[in-house]
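Number of protein chains: 4
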Amino acid sequence: MISLGCPDRTGIVATIAGFLAELGGWIVEASYHTDPDTNWFFTRQEVRVDSLELTADELRERFAPVAASLGERTEWRISDTGERQRVVILVSKAAHCLYDLLGRVAAGELDVEVCAVIGNHDGLAAVTQAHGIPFHHVRFPKAGTDETARLAAFDEIRKIVDSHDPHAVVLARFMQVLPMELCAAWAGRAINIHHSFLPSFVGARPYHQAHTRGVKLVGATCHYVTAELDAGPIIEQDVIRVDHTDSIDDMVRKGRDIEKVVLARGLRSHLEDRVLMHGNRTVVF
Amino acid sequence: MISLGCPDRTGIVATIAGFLAELGGWIVEASYHTDPDTNWFFTRQEVRVDSLELTADELRERFAPVAASLGERTEWRISDTGERQRVVILVSKAAHCLYDLLGRVAAGELDVEVCAVIGNHDGLAAVTQAHGIPFHHVRFPKAGTDETARLAAFDEIRKIVDSHDPHAVVLARFMQVLPMELCAAWAGRAINIHHSFLPSFVGARPYHQAHTRGVKLVGATCHYVTAELDAGPIIEQDVIRVDHTDSIDDMVRKGRDIEKVVLARGLRSHLEDRVLMHGNRTVVF
Amino acid sequence: MISLGCPDRTGIVATIAGFLAELGGWIVEASYHTDPDTNWFFTRQEVRVDSLELTADELRERFAPVAASLGERTEWRISDTGERQRVVILVSKAAHCLYDLLGRVAAGELDVEVCAVIGNHDGLAAVTQAHGIPFHHVRFPKAGTDETARLAAFDEIRKIVDSHDPHAVVLARFMQVLPMELCAAWAGRAINIHHSFLPSFVGARPYHQAHTRGVKLVGATCHYVTAELDAGPIIEQDVIRVDHTDSIDDMVRKGRDIEKVVLARGLRSHLEDRVLMHGNRTVVF
Amino acid sequence: MISLGCPDRTGIVATIAGFLAELGGWIVEASYHTDPDTNWFFTRQEVRVDSLELTADELRERFAPVAASLGERTEWRISDTGERQRVVILVSKAAHCLYDLLGRVAAGELDVEVCAVIGNHDGLAAVTQAHGIPFHHVRFPKAGTDETARLAAFDEIRKIVDSHDPHAVVLARFMQVLPMELCAAWAGRAINIHHSFLPSFVGARPYHQAHTRGVKLVGATCHYVTAELDAGPIIEQDVIRVDHTDSIDDMVRKGRDIEKVVLARGLRSHLEDRVLMHGNRTVVF
Numbered sequence: 001m002i003s004l005g006c007p008d009r010t011g012i013v014a015t016i017a018g019f020l021a022e023l024g025g026w027i028v029e030a031s032y033h034t035d036p037d038t039n040w041f042f043t044r045q046e047v048r049v050d051s052l053e054l055t056a057d058e059l060r061e062r063f064a065p066v067a068a069s070l071g072e073r074t075e076w077r078i079s080d081t082g083e084r085q086r087v088v089i090l091v092s093k094a095a096h097c098l099y100d101l102l103g104r105v106a107a108g109e110l111d112v113e114v115c116a117v118i119g120n121h122d123g124l125a126a127v128t129q130a131h132g133i134p135f136h137h138v139r140f141p142k143a144g145t146d147e148t149a150r151l152a153a154f155d156e157i158r159k160i161v162d163s164h165d166p167h168a169v170v171l172a173r174f175m176q177v178l179p180m181e182l183c184a185a186w187a188g189r190a191i192n193i194h195h196s197f198l199p200s201f202v203g204a205r206p207y208h209q210a211h212t213r214g215v216k217l218v219g220a221t222c223h224y225v226t227a228e229l230d231a232g233p234i235i236e237q238d239v240i241r242v243d244h245t246d247s248i249d250d251m252v253r254k255g256r257d258i259e260k261v262v263l264a265r266g267l268r269s270h271l272e273d274r275v276l277m278h279g280n281r282t283v284v285f
Numbered sequence: 001m002i003s004l005g006c007p008d009r010t011g012i013v014a015t016i017a018g019f020l021a022e023l024g025g026w027i028v029e030a031s032y033h034t035d036p037d038t039n040w041f042f043t044r045q046e047v048r049v050d051s052l053e054l055t056a057d058e059l060r061e062r063f064a065p066v067a068a069s070l071g072e073r074t075e076w077r078i079s080d081t082g083e084r085q086r087v088v089i090l091v092s093k094a095a096h097c098l099y100d101l102l103g104r105v106a107a108g109e110l111d112v113e114v115c116a117v118i119g120n121h122d123g124l125a126a127v128t129q130a131h132g133i134p135f136h137h138v139r140f141p142k143a144g145t146d147e148t149a150r151l152a153a154f155d156e157i158r159k160i161v162d163s164h165d166p167h168a169v170v171l172a173r174f175m176q177v178l179p180m181e182l183c184a185a186w187a188g189r190a191i192n193i194h195h196s197f198l199p200s201f202v203g204a205r206p207y208h209q210a211h212t213r214g215v216k217l218v219g220a221t222c223h224y225v226t227a228e229l230d231a232g233p234i235i236e237q238d239v240i241r242v243d244h245t246d247s248i249d250d251m252v253r254k255g256r257d258i259e260k261v262v263l264a265r266g267l268r269s270h271l272e273d274r275v276l277m278h279g280n281r282t283v284v285f
Numbered sequence: 001m002i003s004l005g006c007p008d009r010t011g012i013v014a015t016i017a018g019f020l021a022e023l024g025g026w027i028v029e030a031s032y033h034t035d036p037d038t039n040w041f042f043t044r045q046e047v048r049v050d051s052l053e054l055t056a057d058e059l060r061e062r063f064a065p066v067a068a069s070l071g072e073r074t075e076w077r078i079s080d081t082g083e084r085q086r087v088v089i090l091v092s093k094a095a096h097c098l099y100d101l102l103g104r105v106a107a108g109e110l111d112v113e114v115c116a117v118i119g120n121h122d123g124l125a126a127v128t129q130a131h132g133i134p135f136h137h138v139r140f141p142k143a144g145t146d147e148t149a150r151l152a153a154f155d156e157i158r159k160i161v162d163s164h165d166p167h168a169v170v171l172a173r174f175m176q177v178l179p180m181e182l183c184a185a186w187a188g189r190a191i192n193i194h195h196s197f198l199p200s201f202v203g204a205r206p207y208h209q210a211h212t213r214g215v216k217l218v219g220a221t222c223h224y225v226t227a228e229l230d231a232g233p234i235i236e237q238d239v240i241r242v243d244h245t246d247s248i249d250d251m252v253r254k255g256r257d258i259e260k261v262v263l264a265r266g267l268r269s270h271l272e273d274r275v276l277m278h279g280n281r282t283v284v285f
Numbered sequence: 001m002i003s004l005g006c007p008d009r010t011g012i013v014a015t016i017a018g019f020l021a022e023l024g025g026w027i028v029e030a031s032y033h034t035d036p037d038t039n040w041f042f043t044r045q046e047v048r049v050d051s052l053e054l055t056a057d058e059l060r061e062r063f064a065p066v067a068a069s070l071g072e073r074t075e076w077r078i079s080d081t082g083e084r085q086r087v088v089i090l091v092s093k094a095a096h097c098l099y100d101l102l103g104r105v106a107a108g109e110l111d112v113e114v115c116a117v118i119g120n121h122d123g124l125a126a127v128t129q130a131h132g133i134p135f136h137h138v139r140f141p142k143a144g145t146d147e148t149a150r151l152a153a154f155d156e157i158r159k160i161v162d163s164h165d166p167h168a169v170v171l172a173r174f175m176q177v178l179p180m181e182l183c184a185a186w187a188g189r190a191i192n193i194h195h196s197f198l199p200s201f202v203g204a205r206p207y208h209q210a211h212t213r214g215v216k217l218v219g220a221t222c223h224y225v226t227a228e229l230d231a232g233p234i235i236e237q238d239v240i241r242v243d244h245t246d247s248i249d250d251m252v253r254k255g256r257d258i259e260k261v262v263l264a265r266g267l268r269s270h271l272e273d274r275v276l277m278h279g280n281r282t283v284v285f
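Residue numbers (the working numbering), protein chains in the order written: chain A, 1 to 285; chain B, 1 to 285; chain C, 1 to 285; chain D, 1 to 285.
Treat the hints as calculated values from the structure; they're not laboratory data. This structure is a prediction, so every number in the text was calculated from the model and none was measured. Some hints here could point you the wrong way.
[Claimed, not checked] Here are the simulated DSS-like pairs of lysine-lysine, each with C-alpha atoms no more than 27 angstroms apart in a straight line: (1) D:Lys159 with D:Lys142; (2) C:Lys254 with A:Lys254; (3) B:Lys254 with D:Lys254.
[Claimed, not checked] Stretch-level coverage of chain C by chain B, calculated; a stretch enters the list once three of its residues show a Cβ under 8 angstroms from a Cβ in chain B: (4) 12-20; (5) 23-32.
All C-beta atoms, glycine included, are put in the ideal place defined by N, C-alpha and C.
With the hints as extra help, turn the sequences into a complete structure.
Here it is, written out as structure tokens:
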């Protein structure tokens, strides 16, 4: 699979398609998009693996000069869809997103290897282990009390995560804010689910905020983690209707169903290499 | 129709239902709600008009002591659904909400009298007059240039509006911010449609803000106008999906379809006396 | 909780509310509806348990003459929301609905006792037992080969189910058609999730049917099981958008997310005694 | 704009993209899809008009051999997006779709020429003429009484329609079934809005059918007209939630909002040449 972004001009499609045609590449799915504001061109080409007689590395080598010919600011990557992707999941107490992801993996819907689940509480250890996945409990100091201990806890998490070199680090209702260093280290791989329709209700207790404001829909947002809280590029969002009969608890319950599907959809798009970032926005092919 | 809010306690339903039963009132639709946070009770009772041998005023007189017995903070109103409701619409240049409302009235779906349309531009005069409705063009100074002239323009609007004593003043993409005096004078009757899913993207150019943030849904909010811009009690909201292929113009176009239905639904709820305000939130029966 | 249906006339609300007020009953949630076509009145009254000094049985005894006074066709039931409800789940091979329900129970969202899971395959035994719930594998003959063996298998299922006297028998993508006797025995308690937006695509392979027809949305329907296949009273439905890029497998995958929430919502409404049947339609308070 | 369908094989994208690149064609929007069931390839290429120094006819001439090289079953068309498209609208009594379409045209959202509106009743003459569009009243005999008169009425309609050679013939809640000859003559151009979520509730009074079945969502379907009633290729569908409080009239009212947007979206897709038919299914780019 080739994902590429470069300044728009005529002939890009012809160049890439010509390159693939020469190699006998059978394009299963091809997507193109031009952003008219920035005049930037995006494409994703999914090629049938048996139509190419090259390894991913050989393909990268052959494609490099083609990409270079499209301008020096061109960004591209080639991923091997044959490779099973590795995922590490960070959790806290809330169970629903973890149950949902593990259920999807167990049912064969999400074909990934969950290498580890890391929790700042141990309440989700049992369900994790029942799926045959190692659970790591990393203790955090009480919020705001001991910054050194907090950073130490994150160091521990980082070691576990990095030991698996995962394609995605999923913050499945992990309630700790990542330090800037980790945001940078995992840029483009750390995915968060926030329980509001961002940019509304950033930060803590978004359902309480939503209830206070009296909104008629609550939502969830799956986004890449960046240094600014809840402000990273959005991959997927959805909402569900609520009304005056819904207490905050009802909103939380209804919202959970949206959180689960929004996270699952966002993660799938990421793992299928369908998401191209462009500044703080995303193209999701 | 009786709408009532009062502190919750046992026996309120029995009291009201007993009152209506004694008069032979045939309840067509009855709604109840208790807000657990504030322990406030809300009800709306729609009674078949031919089952009562009273005028609305007589009913009010009879009901007053019943309401008083429910506590001194009780708020209630009785409206006569037989009376045709009057609406004044404020517009600027954007045509879609006005076309939509007038179409609904013409098609008999919205059974109201549109007494007048007032515009700070005259572009929508022709369509208004084609529906047999008077159009008033009230000129506004360029934004931020002449506060006196702006307030004078609003005085002119106020005179026209108040001469009709309307049940609803609809800001159908009227791009001027109401002065505080008008917000107060029309409290609970001035209804705005804002072209975002509030509280996101308050103020000007919300679709531009939405595009910049890269959201995956755009929305619209129908709310009562209060002194704080775009912060009044929300009556209705909805959203529509957008993606990276949608330019700002596409978002504007898709959003218009949501604005129209959200405004029409919100206005209908208001005119059917289904909306009870409670602080900055609404109960919509 | 009181649920009641009777022919409409004036004074019903007053009668019931008066009855509850006399007992000091604090109404937490009250819903009323009149069906104008059949002139039938429906109500559901949820009363705070600590406001009554009666057991459910005593309340039933006291209410019986009140109900009788509302006409001889009056149907009513009083359920004790303090009692934990029992559920038996029937499954086949598809895992997603079972994972979802068990996840909701484990996370405390659905406060029920899952007494047993019964499968005509044994693939879901492990996940069931991991939740500490007994799994029964009941073998079925190959479809259409041995009617006697099929009915014997259902007899076995019936014995297991009835031994728990469950409030709900959930067919969570159970692929066998219930015999008429079981439909009758479990009337109003057997709940099915059908993977289409009924009445479209009744019967087998609804996603294939949907793909062939080229629809732009796929859906799911939660309904009571009746003798006629996929034709029972509908409790809940929802849909999700698909397009030409979705293969049948994609539709199946997207549809699963809808099946799960529609089943969970429908089951919750049933267990909270919010569903009143009226012919082949439902009132869901 | 080039739309093309042909049997899939390697190199098609390269061929078409190469052709356009050679002409200096700047691709604004390119879409590709392969149907895995039929192994059929679809593409739509929107080229910036000022990047080509050819007329549409010259482009067609140049492209013909390219298309031929992709197999003899290849189907393609080139449309000139610079040309303003012509639309004829057929109506009966229901006003909402016509109001909606005319409002969109008047507001500049839908940039088409509405050449004529034809009604089997004359109730919508005034609003049509207020938009400066000719209205033709063609009388139909009472249903089922006089087949000859019915066909004569359709002959009259056909003459009016064909005199404008329209890009789309829109049946905007036109309640007459087109004769087979007209279905054939206008194949791929006659667009209907059906007021149900097809394939549910084909034919007359779908909201009544929906109410009887007790569905929890009602919908609308925009499709090409074919000889079999309400069975043509679907362009767009959507739904809206209803519940037991909605009478048939309420369903009709809520459904109208869906009909309007579904028709408007479907028509836009058709006019922008985004719809490629494939058997009874559509690819909507």
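Numbers of the earlier hints that this structure fails to satisfy, in rising order:
Violated: none.
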